[in-house]
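There are 2 protein chains.
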Amino acid sequence: MPTQEIEYKLRLEENAAGRLVPTIANGRVQVPYMGVGQYKPAGRKAAPPIRSAADYPQNGDKRVPDLETALRCCGLRDGMVISSHHHLRDGDRVALMALQAAAQLGVKELMWFPSASFPSQVGAIQLMENSTIHHIEGSMNGPLGDYCTQGKMRGMGVLRSHGGRWQAVQDGEVHIDVAVIAAPTADAFGNTDGSHGKSACGSLGFALADSIYADHVIVVTDNLVPFPCVPWQIQGNNVDYVVQVDSIGDSSKIVSGTTQITRSPDRLLIGEYVARFIRAAGIMRTGFSFQAGSGGIALAFVDHLKRLMKQDGVKARFVRGGSTKYLVEFLEEGLTDYILDGQTFDLDAVKSIASDARHVVTSPFTSYNYHGKGNFASMVDVVVLGATEVDVNFNGNVVTHSDGRLLHGIGGWQNCLAAGCTILAVPSFRDRIPVVVDQVTTLAGPGELIDVVVTERGIAINPRRQDLIGAIKDSGLPVRPIQDIKAEVERICGGKPTAPRRCDHAVAIVKWVDGTVLDTIWKISSST
Amino acid sequence: MPTQEIEYKLRLEENAAGRLVPTIANGRVQVPYMGVGQYKPAGRKAAPPIRSAADYPQNGDKRVPDLETALRCCGLRDGMVISSHHHLRDGDRVALMALQAAAQLGVKELMWFPSASFPSQVGAIQLMENSTIHHIEGSMNGPLGDYCTQGKMRGMGVLRSHGGRWQAVQDGEVHIDVAVIAAPTADAFGNTDGSHGKSACGSLGFALADSIYADHVIVVTDNLVPFPCVPWQIQGNNVDYVVQVDSIGDSSKIVSGTTQITRSPDRLLIGEYVARFIRAAGIMRTGFSFQAGSGGIALAFVDHLKRLMKQDGVKARFVRGGSTKYLVEFLEEGLTDYILDGQTFDLDAVKSIASDARHVVTSPFTSYNYHGKGNFASMVDVVVLGATEVDVNFNGNVVTHSDGRLLHGIGGWQNCLAAGCTILAVPSFRDRIPVVVDQVTTLAGPGELIDVVVTERGIAINPRRQDLIGAIKDSGLPVRPIQDIKAEVERICGGKPTAPRRCDHAVAIVKWVDGTVLDTIWKISSST
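These protein sequence lines are chains A and B, in that order. Heads up: take any position in the first sequence, counting from 1, add 132, and you land on my numbering. Heads up: take any position in the second sequence, counting from 1, add 132, and you land on my numbering.
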């Protein structure tokens, strides 16, 4: 970590996507992106230390009084990596609590490795200013991302997809010294469940890699139950210490988010186009599968698709969550056999995952890990995603805005591009700034994996997918070249987006699903 | 493996239990047993190779036509380790099928690493005779054990408990090249469930380590379902190939066994004594836990305990299976909150585990792994076990008979000794051969961990457990010194058991739960 300051002088290389990327980040050699499926990993997976039951309480009671004690018992010291998960979203209190406990212990230069960070964790900025945290590797939503693009974080931000985070931990790219797991329900042995308790959040899949691979694991709960805590999404056999606290999070923020259908007529139209496209292309047939996010457009799509499926008497084999009440209705109305759920977004979904065996918890290992023996993502027939930008070569951006500011994480977005058909469902412009552009500000997903762009002004199909073009040619859907849509949008918005005022200073890298570096995020000039 | 022939001249050392054990077995250095909790492991867990999804079918279909193809694709070659599990018990057809397929490929000198082997797998002897199999490491029930004690197996047998097998794989002591998993239900991606299908066997916990740690994993199923196979006890993400066959086993033998209550008055009395002891000792209280096997005495105990619990209005927090209809009744009648199940012994239990979320699948990792951060076994209040012999120092034997023949595996027996109170419930003699002896033929469990021996002729309490002696002193139960029971039994049987006619030739070792060598099994002179 002390070598950080020299890294900014490091060499940049052009990768297979034509993007300049650093060959070293945070002291670790990086492989520039080589193209989809081109980089082949070698070696064996990371392996945690062998422990002995002789060193753990025979009665299974691993409780210690507080987080400081737990961190001290884990041997936390300067420069270590401390991880957390984001299933409590903007309501999480545990990650900051742990980092502040580390500060109390006087530990410095930590690398914080959250599965994602949220605006309510803005307090981490102070901990970076006082050197408790050296830098963050993980999604930075809102103010923390902004802080990073201002060039204020000493280390380099490393953005990974959910699957990429698993891959990085599994492959030993990131070694977690101490994992801190917020537990809506747990027993004193450390068995942990996310689907019950006053802070229930559903799935805990994002914490699973941490629990398996970290040297030390701390479970923090506000709902301790007698052993056994069933189901155990996190196994107590991987846990060192259990800490009881009054509250792990603000439940009003745990299960809220963009889980309402949009009311915007344009966005409702996009949702309808997507659903109609999927039917017209022959993808919507009995036994098919789909995934959609939790945003307003995605939910509008889901709602419309449901109507079409009912009309045609079609039943899905499985649907992938992020789950909401809309997906739960699919299950309850017999429109799908299963929900395979990585993240649970509202109370209806939490209730469903807690009680319905067909609503199945998944993890980034099962769903997204590219360095595994396959994963679920490539078995999904169609996925509907958002983007901050998409360009005329169908490349997508989800992390920065056109002004270059880093404001979002990748989530499962990159991993989902492996689906049989990938649809970006986006408004053609936002706040009078075009979404369809010449070249994305930051490359988060290669255009060769993005098949369709659906906007309120028409549907553009990637020329690589002649099969889709052929399949829907008599559907009456407004198919247009993507350049046409771009040109129209530029007329409406009065031109292309203003280019970001970038400094020649890399502040973060965007990893591809295989751990290679897909793009660089640059410091934004302070005068912008 | 070719060095095997020189190993018989290797040095023997006396371990902390006073037993002579080899310091090398099958070419690998062994640590002699050092006492309970004394050996501390070092290093990191074993780690399987990193794979890439680019090398697996995008549509998730990993099927190949047959086992030979699958083994060839796995790169099976001479001297490799091939593993199998025993959840189908004496009805399993898959393990032999795989070994015979290996023979067809002309592969030689394999190490077969079953979680247990059964009499119906006697065909493995022919495969040892023709050098397809070099030796077996794993429980050898019946003829294969007998073959081993005849000194006919070229390598050394290595007997491990269920937890010890996980420990050995996890610690890298045994590296599995190819795991072959019999799957009562599976999808083409390799997700596998044991609780449904015509060959349903319930839990698949014994195959879990194999699926996680092996270099290559083959799933063999007679019930292929569309993706996703839910629940997935084995994750397809760990699986390389899927093979469909007509039948993975003889279902009449999969779920049968010693799952009937004994009709012997003596053994019924033992069961009653055990239940009364547990109540009298104050162990049977609301929130307690117990484990009992599937043998006739154990079931008689369970049945009697149930009556006492009902009388006293006591409810258990959890009971551990090996599950049978008797345990399922506990669950259904509200006498326990949960069954934590490692092995499912009858159809009622299979049905329960398939449909009742309170009947929970466990694995040797959660239940028994001594090289973990604790395990469930030490959290069980009382366990009731059998034995082939117990001696006046409360040492137990479960693997050999008094004639020295190896006829049984260790199972979870050693692991269960960690319970709060360990009770051996045994007839004082069998076939006119004393069970209570001066010194056990083979040491499978140290006397310091065995608290109580219950026979039809009285109850002996280990003098280390003055608390138990005090607790039951006014109970009216027939407590006697173990020497008294032994003396009475010798009078009845006409003396001590005849000592086995051992050769000075180690044929197998018995591992302790921490991977150290607890005892040696010797070749039996052919004239016996």
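Hints are not guaranteed to be accurate.
Identical chains share a label here; the pair holds if one copy fits it or two copies do between them.
Stated by the list, open to error - Derived pair list, reagent style DSS-like, types lysine-lysine, alpha-carbon separation capped at 30 angstroms:
(1) Lys385 <-> Lys284
(2) Lys330 <-> Lys447
(3) Lys605 <-> Lys385
(4) Lys240 <-> Lys330
(5) Lys483 <-> Lys447
(6) Lys628 <-> Lys447
(7) Lys655 <-> Lys438
(8) Lys605 <-> Lys172
(9) Lys628 <-> Lys483
(10) Lys330 <-> Lys172
(11) Lys447 <-> Lys457
(12) Lys438 <-> Lys457
(13) Lys330 <-> Lys385
(14) Lys172 <-> Lys457
(15) Lys655 <-> Lys457
(16) Lys284 <-> Lys438
(17) Lys457 <-> Lys284
(18) Lys655 <-> Lys605
(19) Lys284 <-> Lys172
(20) Lys628 <-> Lys457
(21) Lys438 <-> Lys240
(22) Lys605 <-> Lys240
Calculated from the structure, these hints are not laboratory results. Quick caveat, the model's predicted, so the values are computed rather than measured.
How the hints compare with the structure:
1. Lys385 <-> Lys284: Answer is within; shortest intra-copy Cα gap is 28 angstroms, inter-copy 68 angstroms.
2. Lys330 <-> Lys447: Only across copies: lysine 330 and lysine 447 sit 26 angstroms apart there, 34 angstroms inside one copy, limit 30 angstroms.
3. Lys605 <-> Lys385: So lysine 605 and lysine 385 fail the 30 angstroms test inside a copy (44 angstroms) and across (58 angstroms) alike.
4. Lys240 <-> Lys330: neither (33 angstroms within a copy, 59 angstroms between copies)
5. Lys483 <-> Lys447: both (23 angstroms within a copy, 28 angstroms between copies)
6. Lys628 <-> Lys447: neither (43 angstroms within a copy, 71 angstroms between copies)
7. Lys655 <-> Lys438: Neither: 44 angstroms inside a chain and 70 angstroms across chains, both beyond 30 angstroms.
8. Lys605 <-> Lys172: neither (38 angstroms within a copy, 69 angstroms between copies)
9. Lys628 <-> Lys483: neither (46 angstroms within a copy, 64 angstroms between copies)
10. Lys330 <-> Lys172: neither (44 angstroms within a copy, 40 angstroms between copies)
11. Lys447 <-> Lys457: Cα proximity of lysine 447 and lysine 457: one copy only (18 angstroms, versus 37 angstroms across).
12. Lys438 <-> Lys457: within (13 angstroms within a copy, 43 angstroms between copies)
13. Lys330 <-> Lys385: Within one copy, since 12 angstroms is at most 30 angstroms while 46 angstroms is not.
14. Lys172 <-> Lys457: Classified as neither; 40 angstroms inside a copy, 50 angstroms across copies.
15. Lys655 <-> Lys457: Neither way: lysine 655 and lysine 457 sit 40 angstroms apart in one copy and 66 angstroms across, limit 30 angstroms.
16. Lys284 <-> Lys438: So lysine 284 and lysine 438 fail the 30 angstroms test inside a copy (47 angstroms) and across (67 angstroms) alike.
17. Lys457 <-> Lys284: neither (40 angstroms within a copy, 64 angstroms between copies)
18. Lys655 <-> Lys605: Classified as neither; 45 angstroms inside a copy, 79 angstroms across copies.
19. Lys284 <-> Lys172: neither (34 angstroms within a copy, 46 angstroms between copies)
20. Lys628 <-> Lys457: Neither way: lysine 628 and lysine 457 sit 38 angstroms apart in one copy and 72 angstroms across, limit 30 angstroms.
21. Lys438 <-> Lys240: neither (52 angstroms within a copy, 57 angstroms between copies)
22. Lys605 <-> Lys240: neither (61 angstroms within a copy, 59 angstroms between copies)
The structure fails to meet hints 3, 4, 6, 7, 8, 9, 10, 14, 15, 16, 17, 18, 19, 20, 21 and 22 from the earlier list, while all remaining hints are met.
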